[in-house]
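Q: What follows is the residue order along each chain.
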Amino acid sequence: MARIGVFICHCGENISATVDVAKVAEKAGKLSGVAYSVDYKYMCSDPGQTLIIDAIKEHKLTGIVVASCSPRMHEGTFRKAAEKAGINPYFCEMANIREQVSWVHPKSDATTQKALDIVRTMVEKVKKNTALTPIKVPITKTALVIGGGIAGIQAALDIANAGHSVIMVEKKPSIGGHMSQLSETFPTLDCSQCILTPRMVEVAQHPNITLYTYAEVEKVTGFVGNFEVTIRMKAKSVDHSKCTGCGTCWQKCPSKKIPDEFNEGMGFRTAIYSPFPQAVPNKPVIDRDHCNYFQKGKCGVCQKICPAGAIDYEVQDEFLDVKVGAIITATGFDLKHADFFPEYGYGQFKDVIDGMMFERLASASGPTAGEIRRPSDGKIPEKIVFVACAGSRDKAKGIEYCSKICCMYTAKHAMLYKHKKHDGDAYVFYMDIRAAGKDYDEFVRRAIEEDDVHYIRGRVSRIYEKNGKLIVKGVDTLMNGDPVEIEADMVVLATAVIANQDAETVAQRMHISYNKHHFFAEAHPKLRPVETNTAGIMLAGACQGAKDIPETVSQASASASKAIGLFSSNEMTREPIVAVVNRQAPPNFTSCTGCMLCMEVCPYHAIEREEMKDRTGNLIKVAVKVNAGLCQGCGTCVAMCRNKSIDLQGFSNDQMLSEVMALLNS
Amino acid sequence: MSEQFEPKIVAFVCNWCTYAGADLAGTSRTKYATNVSIIRFPCTGRIDFMLLMKAFENGADGIIVSGCHPNDCHYTSGNFHARRRWIVFRSLLDFMGFDTDRITFSWVSAAEGAKWAGLVDETTQRIREKGAFTDFKKLDCSTFEKISHDAITE
Numbered sequence: 001m002a003r004i005g006v007f008i009c010h011c012g013e014n015i016s017a018t019v020d021v022a023k024v025a026e027k028a029g030k031l032s033g034v035a036y037s038v039d040y041k042y043m044c045s046d047p048g049q050t051l052i053i054d055a056i057k058e059h060k061l062t063g064i065v066v067a068s069c070s071p072r073m074h075e076g077t078f079r080k081a082a083e084k085a086g087i088n089p090y091f092c093e094m095a096n097i098r099e100q101v102s103w104v105h106p107k108s109d110a111t112t113q114k115a116l117d118i119v120r121t122m123v124e125k126v127k128k129n130t131a132l133t134p135i136k137v138p139i140t141k142t143a144l145v146i147g148g149g150i151a152g153i154q155a156a157l158d159i160a161n162a163g164h165s166v167i168m169v170e171k172k173p174s175i176g177g178h179m180s181q182l183s184e185t186f187p188t189l190d191c192s193q194c195i196l197t198p199r200m201v202e203v204a205q206h207p208n209i210t211l212y213t214y215a216e217v218e219k220v221t222g223f224v225g226n227f228e229v230t231i232r233m234k235a236k237s238v239d240h241s242k243c244t245g246c247g248t249c250w251q252k253c254p255s256k257k258i259p260d261e262f263n264e265g266m267g268f269r270t271a272i273y274s275p276f277p278q279a280v281p282n283k284p285v286i287d288r289d290h291c292n293y294f295q296k297g298k299c300g301v302c303q304k305i306c307p308a309g310a311i312d313y314e315v316q317d318e319f320l321d322v323k324v325g326a327i328i329t330a331t332g333f334d335l336k337h338a339d340f341f342p343e344y345g346y347g348q349f350k351d352v353i354d355g356m357m358f359e360r361l362a363s364a365s366g367p368t369a370g371e372i373r374r375p376s377d378g379k380i381p382e383k384i385v386f387v388a389c390a391g392s393r394d395k396a397k398g399i400e401y402c403s404k405i406c407c408m409y410t411a412k413h414a415m416l417y418k419h420k421k422h423d424g425d426a427y428v429f430y431m432d433i434r435a436a437g438k439d440y441d442e443f444v445r446r447a448i449e450e451d452d453v454h455y456i457r458g459r460v461s462r463i464y465e466k467n468g469k470l471i472v473k474g475v476d477t478l479m480n481g482d483p484v485e486i487e488a489d490m491v492v493l494a495t496a497v498i499a500n501q502d503a504e505t506v507a508q509r510m511h512i513s514y515n516k517h518h519f520f521a522e523a524h525p526k527l528r529p530v531e532t533n534t535a536g537i538m539l540a541g542a543c544q545g546a547k548d549i550p551e552t553v554s555q556a557s558a559s560a561s562k563a564i565g566l567f568s569s570n571e572m573t574r575e576p577i578v579a580v581v582n583r584q585a586p587p588n589f590t591s592c593t594g595c596m597l598c599m600e601v602c603p604y605h606a607i608e609r610e611e612m613k614d615r616t617g618n619l620i621k622v623a624v625k626v627n628a629g630l631c632q633g634c635g636t637c638v639a640m641c642r643n644k645s646i647d648l649q650g651f652s653n654d655q656m657l658s659e660v661m662a663l664l665n666s
Numbered sequence: 667m668s669e670q671f672e673p674k675i676v677a678f679v680c681n682w683c684t685y686a687g688a689d690l691a692g693t694s695r696t697k698y699a700t701n702v703s704i705i706r707f708p709c710t711g712r713i714d715f716m717l718l719m720k721a722f723e724n725g726a727d728g729i730i731v732s733g734c735h736p737n738d739c740h741y742t743s744g745n746f747h748a749r750r751r752w753i754v755f756r757s758l759l760d761f762m763g764f765d766t767d768r769i770t771f772s773w774v775s776a777a778e779g780a781k782w783a784g785l786v787d788e789t790t791q792r793i794r795e796k797g798a799f800t801d802f803k804k805l806d807c808s809t810f811e812k813i814s815h816d817a818i819t820e
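If you're matching them up, the sequences are chains A and B in order.
The first sequence begins at 1 in this note's numbering and counts up one residue at a time.
The second sequence begins at 667 in this note's numbering and counts up one residue at a time.
Calculated directly from the structure, the hints in this document are not laboratory data.
There's no promise every hint is true.
When the alpha-carbon atoms are kept at most 16 Å apart in a straight line, the in silico EDC-like pairs for lysine to aspartate or glutamate are as follows [said to hold, decoys possible]:
(1) K644/A / D714/B
(2) K473/A / E485/A
(3) K720/B / D654/A
This structure is a prediction, so every number in the text was calculated from the model and none was measured.
Kindly produce the complete structure, drawing on both the sequences and the hints.
A: Take a look at the structure:
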């Protein structure tokens with residue numbers, strides 16, 4: 001027999017001013033099953049909580065209803081008090097008579113009646129409550145970092161330096177990401193590789209970091225603290241444990257005319273290659289799509305000349321299963337590529353290039369060794385036009401968002417060009433200059449005022465070739481929209497930052513959400529900006545949205561701190577508000593019939609198939625079970641279940657029905 | 667003058683958006699009708715629509731179902747399931763001759779306290795004009811017998 005205690009709070013005068021609390025307490029005392037009822041000025045205060053604890057002990061209460069503020073405010077407080085008094089904390093319910101009664105209704109009988117209705121509802125609910133135990137889940141203190149760009153590097157180093165193991169997976173042959181391709185970085189103009197490469201080496205040498213390059217995440221199962229990840233180790237065809245990185249193989253490789261991805265196609269590489277001189281690891285892989293041995297079946301030069309005997313043509317993709325507790329997704333971005341701008345001749349005229357190509361031209365390690373030369377004829381351009389917002393903030397192109405970094409890198413490009421070609425002319429067509437960052441606006445002003453870059457506010461309508469020059473037609477909206485025509489030698493388009501092309505696949509493998517542009521979605525745009533909706537999976541860098549290096553590094557450190565926080569205890573406690581499938585004696589085992597509808601609607605893939613077998617191992621029945629580690633307690637499965645075999649703890653069918661009945665039957 | 671009819675309305679709301687929105691209406695001291703009482707669910711996806719029928723059976727005159735706006739669900743997709751379920755359920759109710767205007771299906775976010783108050787007042791006014799819901803009470807065994815008798819004789 002239930003013995004329920006009802007505690008009505010005055011909340012100073014917040015409740016008692018409009019609700020006749022004494023009457024509610026008196027009437028609540030007469031409800032069936034209520035053994036004790038009282039009103040008090042401040043239930044959440046120390047004496048208030050003591051009153052509750054003493055009453056539970058004295059009247060041997062089995063459950064309590066605290067009628068006060070919203071459970072979103074003080075549910076935790078009163079559950080703790082219940083626990084102190086020796087009853088299961090989940091036998092405490094709150095009746096919200098402040099936010100939803102006293103504050104929104106005038107003093108009247110109807111208001112008092114509504115308060116009493118809510119109290120009665122919660123009394124009936126608490127009678128159906130069951131003792132619940134918080135779920136304890138062990139934590140594997142290893143983090144998986146997906147992506148070896150600056151975001152992944154920062155996150156991995158932070159976690160590793162905190163003393164935890166890190167597994168880093170990078171799909172390319174080297175870590176470094178887009179940052180390794182950059183020439184100088186804004187707003188300080190320090191050399192990108194100079195600040196990045198020491199960190200790349202640190203990753204490779206860190207005792208707590210295991211680095212897998214040329215590898216991809218194939219499958220992710222499990223839940224926070226206990227993920228099981230399958231990594232596909234793509235066949236490198238080179239045994240890195242033997243290879244010394246001497247470079248003889250790529251010097252002798254006969255397939256020399258393969259467009260070099262690292263130089264954005266403005267140079268060539270060999271079939272066996274290491275992407276750039278500072279690569280980490282600086283050991284080659286064979287690009288099988290371009291290798292004579294794999295394509296034509298003959299060659300084998302590298303194998304013959306390798307002094308370490310490291311070349312192995314027979315090796316296949318391997319799969320590695322690892323267990324990790326947290327995952328940091330740092331898969332980065334891409335730039336919108338050719339054929340997107342037919343009106344700008346991008347992909348048609350060799351000297352219309354994108355921002356990343358310009359970075360390579362300006363970089364000392366680039367195809368021109370840092371001299372800015374036209375890709376078509378190698379001449380140094382006299383006049384360059386930079387077009388900002390090429391694709392970004394353009395509904396017609398399907399990209400409404402701002403790519404965020406273009407204003408700054410365009411100013412940087414123009415500046416770098418002017419620093420190298422003092423008598424050259426640099427023009428920038430822009431929509432707005434968005435230089436909101438520390439020292440950012442000063443940087444743009446410097447480009448305009450000190451380096452004499454011509455900024456023209458307006459859009460470019462068309463670019464075409466005439467007598468070896470690129471004719472750029474646009475308007476100057478600050479000059480009454482007058483048409484502008486510039487004869488340029490080279491045009492640089494600040495093309496839009498887009499999500500990585502395999503972002504959607506990655507998101508689906510990890511069960512994280514993404515927006516319509518395939519950028520990964522954070523759990524809350526303001527208050528949980530680095531976590532995803534899947535507990536234990538964090539985001540770092542441009543995979544979440546366009547951002548520059550400082551912001552990427554901050555976010556990476558933030559997500560690393562989330563992982564470190566998770567690893568600070570051996571197990572974690574979760575609210576036991578999870579779904580459960582009922583259990584019966586064999587041969588039924590459960591009333592679940594295995595229709596699997598719940599499995600289809602579960603957003604967390606928390607429902608698993610379960611096979612019931614007899615003693616000899618014959619399959620008797622197929623049903624489902626809930627993985628409590630994954631379940632977040634939404635209850636969609638419960639509403640879906642045809643025969644009420646699955647139920648949600650804390651919001652069970654029984655409890656909800658009792659609430660409805662009690663609310664309507666006074 | 668006869669006293670004005672005060673309907674009983676039950677609101678089935680999700681914990682994360684509409685319940686928080688109703689709390690916000692409280693903290694903003696927005697006044698609204700006393701006729702609506704809230705039952706808190708973790709998510710609109712949890713709402714078994716048979717509970718709506720149970721509410722009508724037990725004397726509710728109107729019902730509000732409200733959760734997070736599409737794409738804002740705390741559990742990613744629960745509100746989409748609720749919406750689909752509602753679309754199917756509504757056509758079933760229509761088919762049975764049930765007045766679906768007695769049910770308000772809405773989205774109220776945690777920031778929309780004023781919207782919640784407006785929704786409550788609107789719904790209360792609408793149900794007040796419709797009067798008490800008596801269809802369930804009119805049903806008794808003889809009605810069912812008559813229906814089945816008619817079905818057989820046809």
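Q: Run every hint past the structure and note whether it holds.
A: Structure-based check of all given hints:
{"no.": "1", "hint": "K644/A / D714/B", "result": "10 Å, holds"}
{"no.": "2", "hint": "K473/A / E485/A", "result": "5 Å, holds"}
{"no.": "3", "hint": "K720/B / D654/A", "result": "13 Å, holds"}
In summary, this structure violates none of the numbered hints.
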